[in-house]
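Since the structure of chain Y is already known, use the hints to place chains U and G on it.
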Amino acid sequence: MASAAERHTFPELAKRAVADTQLRRNIGNATQTIRAKRAAVVAEVPDWEDLREAGRSLKEHTLRSLDRYLVQLEEAVTKAGGQVHWARDGAEASRIVIEIAERHSVKEVIKVKSITTEEIKLNEALEAAGIRPFETDLAELIIQLGDDVSSHILVPAIHRNRAEIRELFMRKLGLTELSDRPSDLTAAARTYLREKFLTVPMAVSGANFGICDTGTICVVESEGNGRMCLTLPQVLVSVMGVEKLVPTWEDMEVFLQLLPRSSTGERMNPYNSFWTGVMPGDGPQEFHLVLLDNRRTDVLADRTGRQTLNCIRCSACLNICPVYSRTGGHAYHSEYQGPIGAILTPQLHGMESAASLPYASSLCGACYEVCPVKINIPEVLVHLRTRAVAQSGFTLEKLAMGAAIRMFDNPRLLETAQKIARVAQRPFASDGYITGGIGPVRQWTKARDLPAVPSQSFRDWWRTRR
Amino acid sequence: MSAAREEVLGRIRQALSRDPAGEIDIARSYRRTAALHGAELVDRFAERAEAYKATVLRVDAAGLADALERLRGRFVVPDDLPEEWLPPEFIRDHRQLGHRDLDAVDGVVTGCALAIAETGTIVLDAGVGQGRRAITLLPDFHVCIVPVERIVASVPEAVAALRTSLPRPLTFMSGPSATSDIELNRVEGVHGPRRLEIIILGETPD
Amino acid sequence: MRVALFITCYNDTLFPQTGIATVRLLERLGHTVEFPENQTCCGQMHSNTGYGDEAIPLIRRFVKAFRDAEVVVSPSSSCVSNIRTAYLRSLVDTGDEALKRDVADLVPRVFELSQFLVEKLGVEDVGAYYPRRVTYHPTCNSLRALKVGEAPLKLLRAVRGLDLIELPDAQECCGFGGTFAVKNEDTSVAMLSDKMRTVLGTRAEICTALDSSCLMHIGGGLHRLRSGVRTVHLAEILASTEGDFIHGERR
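Heads up: the sequence lines are chains Y, U and G, in that order.
Heads up, the first sequence is in our numbering, so the first residue is 1 and it goes up one at a time.
Heads up, the second sequence is in our numbering, so the first residue is 1001 and it goes up one at a time.
Heads up, the third sequence is in our numbering, so the first residue is 2001 and it goes up one at a time.
This is chain Y alone, in the form it adopts within the complex (with noise of 0.2 Å):
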């Protein structure tokens, strides 16, 4: 369902992808290694399918009553000191965040957790309110250094291996010496961030998880950048997209096993932080948490789509799917890649231009049995696939699909159609197998022969043993 206003659809830019040998080792590698530690963690927990079924119900029980707990939270940070904000759409958070700056005279920022400020784009508007963003993560510092775009949720200089990422360095860090040792590459950007957190005096961050009753924000992470940006300087804002709330602080007791072994595949990752308001003496002094729409209302109104609202954002489903672990994040041409990618970028920035991802999937099924909060991904998938359909206008597929509609609904149709076909493949066909064709039959020629139509049908079988 390639639209104008699709620019970059997936099947081209899945092309170029699965023919990059380099790309190729690098994903495949890559996702292997982490779904083996991803099943091993899972299998030593004896009652993960109960986990997963607590947390299923978890999240929509709480997007069921979404505007009362949005309150409770509010209610909740404001009191411990906190400063709550709204935001209809990613340009009213940017706006929001920029003030905040302008108000402390800040002209860098340090980010954390950054998926969220990327969907609505806000490095791009603090540029160009003169004040400079600086990415802490690893991955996200490596992305940001080469001007490239992420490719994983969760690790997303994941199509980067050791030798591009010390060329990188060496450029960017001016390193005259440094080795491709995944232990010398961290090291190096240790040094050159330490300062950055020693004097930046505003962060940025995502979060986790927004805890209801007690107004508790929570970061999970490995590096500890986060710890610095949540402890170190004196304002932090987080940028929280709405559905990400969790009831009660004892519910953290389902979603700290879900996440950790879903994500890393590690019991625990390195770090978890929670904060709550603001704490004298220990960590900012002035903290703002900004609750972000940005279209997620639009997606709890679609009773399937709905479901999408549950994601914890551990990836998972990317490291598990056919699809992402040959093509790799960029083919998505999103912030959110791979299944989750497919079902959550339509709904946010709008299937006019997403429409070919809802159909970058086989459906086999596999992010579904994976997902720590049970989405149906691909439910969801055939739900899109529709609107896509709905939403768009005439088109030779549309033509086609109603025209086998009316050959399946009359038998006889079908079979003249059989009759047709025996003929019609003539040109192409030869021992028994077609080899060219034209329109989709050629699609599947290109790399894949496709059994001729037999003279005998099982119908003419079954009539003649009669």
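Simulated from the structure, these hints should not be mistaken for laboratory data.
Check before you lean on any hint, since a few could be wrong.
Claimed, not checked - Residues on chain U that point at chain Y, a partial pick, calculated with CB under 10 Å:
hint	residue
1	1010
2	1025
3	1055
4	1058
5	1062
6	1071
7	1074
8	1129
9	1131
10	1179
11	1186
Beta carbons are placed, not taken as given, at the ideal position from N, Cα and C, and that holds for glycine.
Same frame as chain Y, now just chains U and G:
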């Protein structure tokens, strides 16, 4: 500002208006406790923390003195760290130390709120003997003393116990800082402390 | 038992031998096979491609053809899965309560062939003979939608003369995915090449499965490469007996 608030809340109510009445039940069939006790509990914690490349020592009260004696260099400690937990050379933090001061010390010694055996995690809640968050973040070496009675078996048990710590900030730590961002190779030691030593203190129960 | 056969449109058109084998097999086991001739297609391609509403006449047709059946058996896990999962979903927004009731009543009587044999009838040894080296690819619909589990493997293990070789990374999709195979031809073929690599690595002569559609994909790739390895639907293996072979060669 409040116009946005009213609009977003209005959209949510509109989105939910066609839903059937009533709440969705939360499925709570998962484990709230894990059957881990005594020596097995402590062993599991030690094993899982080591799996994260933390160094684990197990000592009694006398052994603690020896373990601390080994610590070379200047260590920052929270101002209420018990006397018998102090390393040879220490600086008490009364929140007077700046970030650069903390960046310049050799390490930090703290206690913890609790530890989780199944995941090898220590949790600090800014309570007694733990200090503010920056002191366990900027120094490159974190020594954390975990009394055996502070070890719980599972995540749900930890979460239940931590309810009373709120609204103080909580930090869960599992091993030293780490990254897997380059070809998914795990590297220990990024921005947070590059080394974590856990000293399990007390007689291992039967 | 009176078994109504749902042959599926592509088996009817492209793989009649799969349907013939299903009939032979069920009759050999003592069942009566019926073939309601007004059946055509379950509508899977339409509903999976975004034309679910358009496919509703096919749901109505399916129900009409099979409403009175004692059981419906089909040699296709993807079509059975479509009937089980997509039918009621497609009808949600229609006001056709009678059709919804009919579908809900019929669905529990619709079975994929291997599940019917092992789970419904409790049969594992169907008396088959097939002197070939065979590997089994669990198609996504059989594995994850229908959860057929060990059923096809139990049947294959009981086939005399058959050498069953485990397929590495078996749970990986072959890349067919219906219209995905043509809409995303490059990615589909990239997935297929890995599947063919594992199939060829087993040194099996035959790759079998519960879906002729996925087999058409794998087989189409293997034939293009002139690999000499063929794809054969499980029904054909189970229908084979000693009489079908002379000196190890198929008659």
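Status of each hint after checking the structure:
1. 1010: This interface hint holds because 9 Å falls under the 10 Å limit.
2. 1025: Cβ of residue 1025(U) sits 7 Å from chain Y, so the hint holds.
3. 1055: This interface hint is violated because 15 Å lies over the 10 Å limit.
4. 1058: This hint is violated: residue 1058(U) lies away from chain Y, its Cβ roughly 20 Å from the closest one there, beyond 10 Å.
5. 1062: Not OK, violated: residue 1062(U) not within 10 Å of chain Y, min 32 Å.
6. 1071: violated (21 Å)
7. 1074: Where the cut-off is 10 Å and the nearest Cβ of chain Y is about 18 Å from residue 1074(U), the hint is violated.
8. 1129: violated (15 Å)
9. 1131: The hint holds - residue 1131(U) has a Cβ within 10 Å of chain Y, the shortest such distance being about 9 Å.
10. 1179: holds (5 Å)
11. 1186: Holds, because the Cβ-Cβ distance from residue 1186(U) to chain Y comes to roughly 8 Å (cut-off 10 Å).
Hint check: violations occur at hints 3, 4, 5, 6, 7 and 8; the rest are consistent with the structure.
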